[in-house]
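K.L.:
What follows is each chain in one-letter form.
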Amino acid sequence: MKRTRGGADEESPRQNGSAGRRKGSQQQGDGDDGGLAIGPPDLQDEDNDPGLRREIRSKYRDLINTVTQNREDMLSPSNNKLTEVLQEAVKLFKDVRQPREAALDAHLLVVATDLGNEKASQLFTEGTTFDPTAFSEHLLSFMGLNRLEDDEDEQQNGGAVDGYLPQDAWHRVARRAECCFRTAPSFHYMMGSFHAEPPPPKQRIERQRKAPSKEAKRIMPTQLKKMEDSHQEATEKEVERILGYLKSYYQDDPTSPISYYEFVIDPTSFSRTVENIFHMSFLIRDGLARMYLDNDKLPCIAPVEEGEVDAGGSYSRKQCIVSISPKIWKELIEAFDIRDTMIQPPNTQNE
Amino acid sequence: MCCCQRMTQRKRLSNTQSSSQNKRQSMPLASQEEDDDLTFPQPSSSQVQRGLERFTPAQVDQKTAEVVQFFLVRDQKKIPVRRADLVKHVLKDYRNIYPEIMKRAARTFDQVFGLKIVEIDSKNHMYILVNKLETAEAPPIMNPTNPKTGLLFVVLSLIFMKGGAVRENLIWNTLKKLRVDAGEKHEEFGDVKKAITDEFVRQRYLEYVRIPHTEPVEFEFRWGQRAEVEVSKVKILEFMGELHDQDPQSWTQQFREAHSISGSSQTAPSSR
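Taken in sequence, the protein lines are chains A and B.
In terms of numbering that gives the first Met the number 0, the first sequence opens at residue 0 and continues consecutively.
In terms of numbering that gives the first Met the number 0, the second sequence opens at residue 0 and continues consecutively.
Keep in mind the hints are simulated off the structure, nothing from the lab.
Even glycine gets a Cβ: it sits at the ideal position worked out from N, Cα and C.
It cannot be assumed that every hint is accurate.
What the hints assert, rightly or not - Ranges of calculated distance between the beta carbons of each label pair, as one might list FRET restraints:
1. B:D180 / A:D72: 14 to 22 Å
2. B:Q68 / A:E239: 54 to 62 Å
3. A:Q86 / B:D180: 32 to 40 Å
4. B:V216 / A:E117: 16 to 24 Å
5. B:Q68 / A:G115: 53 to 61 Å
6. A:D61 / B:V216: 22 to 30 Å
7. A:P98 / B:G162: 32 to 40 Å
8. B:K184 / A:Q86: 40 to 48 Å
9. A:T128 / B:H88: 47 to 55 Å
Stated by the list, open to error - In silico BS3-like cross-links for lysine-lysine, where the CA-CA straight-line distance does not exceed 30 Å:
10. B:K193 / B:K147
11. B:K147 / B:K131
12. B:K175 / A:K80
13. B:K175 / A:K118
14. A:K118 / B:K176
15. A:K118 / A:K93
16. A:K80 / A:K58
17. A:K246 / A:K329
18. A:K317 / A:K296
19. B:K176 / A:K80
20. A:K296 / A:K326
21. A:K118 / B:K192
22. B:K115 / B:K193
23. B:K175 / A:K58
Using the sequences and the hints given, assemble the complete structure.
P.N.:
Next up, the structure:
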């Protein structure tokens, strides 16, 4: 009893270092050691020699590692490594005495059988066996690997800096592989999501307004050549006429501002008033007249001097919308006490 | 007792529309015998007729268009569309005419987009979009290639050439030889392990299955349902032949598998 306990004590530091699951079998080991202690002394010594036990277990573990970690190697039909491992195991088994070693042997058997199973399935394959190592070699060449050396062994560990792959290596594979897939192309919105942007800058508006003024000047002489009666012509004539009125009123008294409303309103006809407003807007658009607010914040108009026209072009243009209804028209007439129209209706009525 | 009766009743109902459903979709995997989606009982064809009467043609067209759009957007990530999601988010009140809407959507995909709706999981009712048209021999250069396709191709070919299932270690070790270390961040693929075990699996290109009785736990890879439908084994074998400078027929078993009715995705080998 004493001897076995001593044996157990001697074994414990080793067991601390060994795998965790070894601890579970520690109790069983003690019991078994106790059982084996009943045998003859010399056999007992060999069976309990911790050094020998350790050696056997270590060899088993080596074999197991060989099989599990070099799996592809062992599978390769070109060698007999698996058979060699099994032969080693058979030799080792002769010295197995304790369950711990037997457990390792059993583990090795499981792993080796598994491998054997796979090897066997390879045997049944008709035609060429597929070798992943060869596959990877060929694929590397396809990807454009620049090999520096032709050493097979070195290329097996991927970390070896042995030749370099070009940047588009995987793109090449992808391109060639694409035709094996019948993937639905994915749908993406062409224009992307709604992107709010600030409205275009005012500069563009200015340029647009400059152009018509030039065109208007050009159009007028052209239309005078044509003797056709058109609405546009009539409008132009009317606009000119009103400009004439404006200028004459202004010349009469340059200092006194002309009220916009007084100018355009015809107290006898609402439609005439609207026409006047319409024609006035052309004058302002073309820069021939300008509208401003006087001290009482009432709109006034004045013709633009000849020399001012170009300078007026560089002013920042403003737009406004004038609206009028019969009700407002009457209110304005009352407010401004307009008795007479400043713009005489034209003689020809061709509306 | 009554539970049994209800089940047979449902079975009868689903049998009556199985014929119309077969017309609607061509799916090699679908078996329509039992609808065990208890949250959404399959409407019968008479229910569908009555349902159609409730809506104007314009409304039905609108719903169809919404379903089509739903599919297209979901397909961007290649995640399958679940019928439950369709019903919950798009169909809503129109669930009674679900089969009719799906029929029309499939027709739209077919005629407008050249795509097919395929049910890859008849139990959970999941659908993917697959291209009806063959990819051109030399696809236009302006289409950018996704290098992940190359990675996926390597994994799929390994599985196929190895008979349909491989232990994960084979994949990792082969990739290592190709300078792709699953344990490290790859400059093109990033987290390789995640791409293969998570992304490709969710897209149904791969299946990552636990091998029973392994300690420590080991997994194996198989082709996923999407791969079965989308990928041509014939073409993979052709590429293998090119790489190894061998006749594809020399891999007899794989060749047979690729050209069998279940194996091929209805593609004829190109003349090279």
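K.L.:
Of all the hints numbered above, which does this structure not satisfy? Sort the numbers upward.
P.N.:
Hints that this structure does not satisfy do not exist here, as all of them hold.
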